[in-house]
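K.L.:
For the record, the sequence lines run as chains A and B. Here the first sequence is numbered in my numbering, starting from 1 and rising by one per residue. Here the second sequence is numbered in my numbering, starting from 1 and rising by one per residue.
There could be a bad hint or two in this list.
All copies of an identical chain are treated as equivalent in the list; a pair is satisfied when it fits inside any one copy or across any two copies.
Said to hold, decoys possible - With a cut-off of at most 20 Å between alpha-carbon atoms, the simulated EDC-like pairs for lysine to aspartate or glutamate come out as follows:
1) LYS104 - GLU158
2) LYS327 - ASP120
3) LYS327 - GLU72
4) LYS104 - ASP120
5) LYS116 - GLU129
6) LYS104 - ASP152
7) LYS43 - GLU330
8) LYS327 - GLU303
If you're looking for bench data, these hints aren't it; they were derived computationally from the structure.
Number of protein chains: 2
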Amino acid sequence: MSFRFRLEGTCPHSGARAGVFETPHGSIPTPAFMPVGTRGTVKGVLPGQLAELGATMILANTLHLHLRPGEETVAALGGLHRFMNWSGPILTDSGGYQVFSMAKLRSIDEEGVTFKSVVDGSAVRFTPERVIDIQATLAPDVMMAFDHCPSDPCDRDEVATATDRTHRWLQRCVRHWRERGGLATGTALFGIVQGGVFEDLRAASVDAVTQHELAGYAIGGVSVGEDREAMREAVSHAATRLPPDRPRYLMGVGTPLDFFDAVERGVDLFDCVTPTRHGRNHQVFTSRGRINLRSSALAHSTEPLDPLCPCPYLEGYSLGVLRHLCKSHEMLGAQLATLHNLHFFHDLLARIRRAIPLGELPALRREVLAACEGRYIPSESGKEA
Amino acid sequence: MSFRFRLEGTCPHSGARAGVFETPHGSIPTPAFMPVGTRGTVKGVLPGQLAELGATMILANTLHLHLRPGEETVAALGGLHRFMNWSGPILTDSGGYQVFSMAKLRSIDEEGVTFKSVVDGSAVRFTPERVIDIQATLAPDVMMAFDHCPSDPCDRDEVATATDRTHRWLQRCVRHWRERGGLATGTALFGIVQGGVFEDLRAASVDAVTQHELAGYAIGGVSVGEDREAMREAVSHAATRLPPDRPRYLMGVGTPLDFFDAVERGVDLFDCVTPTRHGRNHQVFTSRGRINLRSSALAHSTEPLDPLCPCPYLEGYSLGVLRHLCKSHEMLGAQLATLHNLHFFHDLLARIRRAIPLGELPALRREVLAACEGRYIPSESGKEA
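Looking at chain A on its own, in the form it has when it is part of the complex:
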């Protein structure tokens, strides 16, 4: 098969591992962060820039592409790789998270979900089989099973119901994916573990999901409102039980601290809108802390955005100029902040990967988090942000 995960090193202090996930469109050194290309593009970033910034695998949203332009149009335009103009690996989510968290739900039943299109208001029906069909038509390297993501990971009854349904839907997803050709089509299917913050439900979910021999497994239902300690535990409950010879993908996470927490618990893959959405909102992650680029305190600063950031796109820009671009609503401000954040995330994951086999992960964690968590350069005016 074209999909393989091999370990290259492990951490002597934690469950962290450095590996390589091989796909038909290329290999992903892990741990890795996948930028989110919601509607067929990582917002504001050219594919050549993504590669330059260190992206290997990128993500696209099944729900959004289904609604516009439709998977048949993507296929007619040559498939998702041509559509995103990205020759590297691509993963599509199943739409499960969006359907349950953002769409206006009409109804949910054992067969599937009906919700309202954000494009034209029409009723859209998603079932496990339909979601596999849509993703197969998009033709990514990895597709995700259709899961039921509970709205409150701490509500045991809701979580139990959603987790059981996720398992039944996974069975249908796997059957349908196999009927369509399975791995031979060039697209792997990942199953998703649910179970909220409950150890027994997470353990049972890992058991149910790993009944299916799949190329990788994801941890869902995390970072949906629970506190940080609960999130750490949920990840522990799932990740430590997942098979070591498969990549573990923590969906929708996160921030630098999250990466350390999850990597130490054996997670290999991440995706999140954080760097791009924060960038568009002029919030940047730097080695000195988070910065609000609209802060009036920066107006006359000739300092660089991050003295330790070798990102080629930010070279020559002072904080004062970036602040002007953001305050003036110039799209270049959002572009530069996005480019910087992506560089920061990819660079951080690359440093984490190098540190793991050397036993230097704890030291790197201390160094990075002491410098970069929490501190904002404050705005002089409460109105600025």
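Based on the hints, put chain B in the right spot on chain A.
P.N.:
Relative to the frame of chain A, chain B by itself:
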């Protein structure tokens, strides 16, 4: 002096010339197109991309930078070149065009103009001396004199009044620029010829403006509503009378046809928001004609945007994908269209420059204009645009 214009070749069929305009920050092969960086950036384009696309000299708007962040802030951040992160030549306009065409005028008198700030509504006073001061603080390679641009180039009384005032204001601009150090400061001053569509007024304006020994001369008050033939004549009246050893800059122009018309009449420099504004509105110039990228006719097109365009940024993108990006309001659609249009403009000017000494300008004109003027790939729905 650091400013020099030398001819490298002339056209045997017209007044067109190929030259080089030398400035302290580099040489500009002419004819050349200057992208407009209104508020300190060419909208949506990184400086490295501008250079890659073939830009040599870029333009910034004095009025906008004065209002935000203010010329003192630009100076505190290292001057305009650092501010725009552009090490090549920069020209600032004087704000004259914006003041008269766009700002809410409070009053105009012999001394200057008072208008309303678009940033905070406050009253702003521009006089010839103040405009020189602002531009000197910005510190571009070339600053423009403060002129009175008449609103209707065909209203003889208005044009005559504005043209005479432009001459008196030029005298004050030159005096003030000299008092501040003149060319020795590293910033040249260009005078602006007015005169509307009237040959005698244009001739008199050239006489008045060229009384001042300046590094270059501009033709203003063109492309402000007059028809194409009137515009051609206005350019002829001015350009053919300007000294041959100085660059001639046609302000605010234009389109591929305009370039041929003006270059044939001896114009060397252009600036216009056309490629960037059209790009943001998803309108692109191609060797096959202009295309509205939101047209539903393109939805399934796997063709490239322009088979003859070697622009590196568009490589791999089909018309169908570009249409999806534009229809989905993804900023990447505007970015790609802008990059393409700038490439198209710079490439066209480079081809014009090569054709001039070879006597091939008429043939190039026929070839380019037959293919690229006027034709749009139509939208299937009148609502699309």
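K.L.:
If a hint holds in the structure, say so; if it doesn't, say that too.
P.N.:
Structure-based check of all given hints:
1. LYS104 - GLU158: Classified as within: same-chain Cα gap 19 Å, cross-chain 60 Å, threshold 20 Å.
2. LYS327 - ASP120: Between. Shortest inter-copy distance 13 Å satisfies the 20 Å Cα cut-off; intra-copy 33 Å does not.
3. LYS327 - GLU72: between (41 Å within a copy, 17 Å between copies)
4. LYS104 - ASP120: Answer is within; shortest intra-copy Cα gap is 13 Å, inter-copy 40 Å.
5. LYS116 - GLU129: within (19 Å within a copy, 61 Å between copies)
6. LYS104 - ASP152: within (17 Å within a copy, 54 Å between copies)
7. LYS43 - GLU330: both (15 Å within a copy, 7 Å between copies)
8. LYS327 - GLU303: within (18 Å within a copy, 39 Å between copies)
When each numbered hint is compared with the structure, no violation occurs for any of them.
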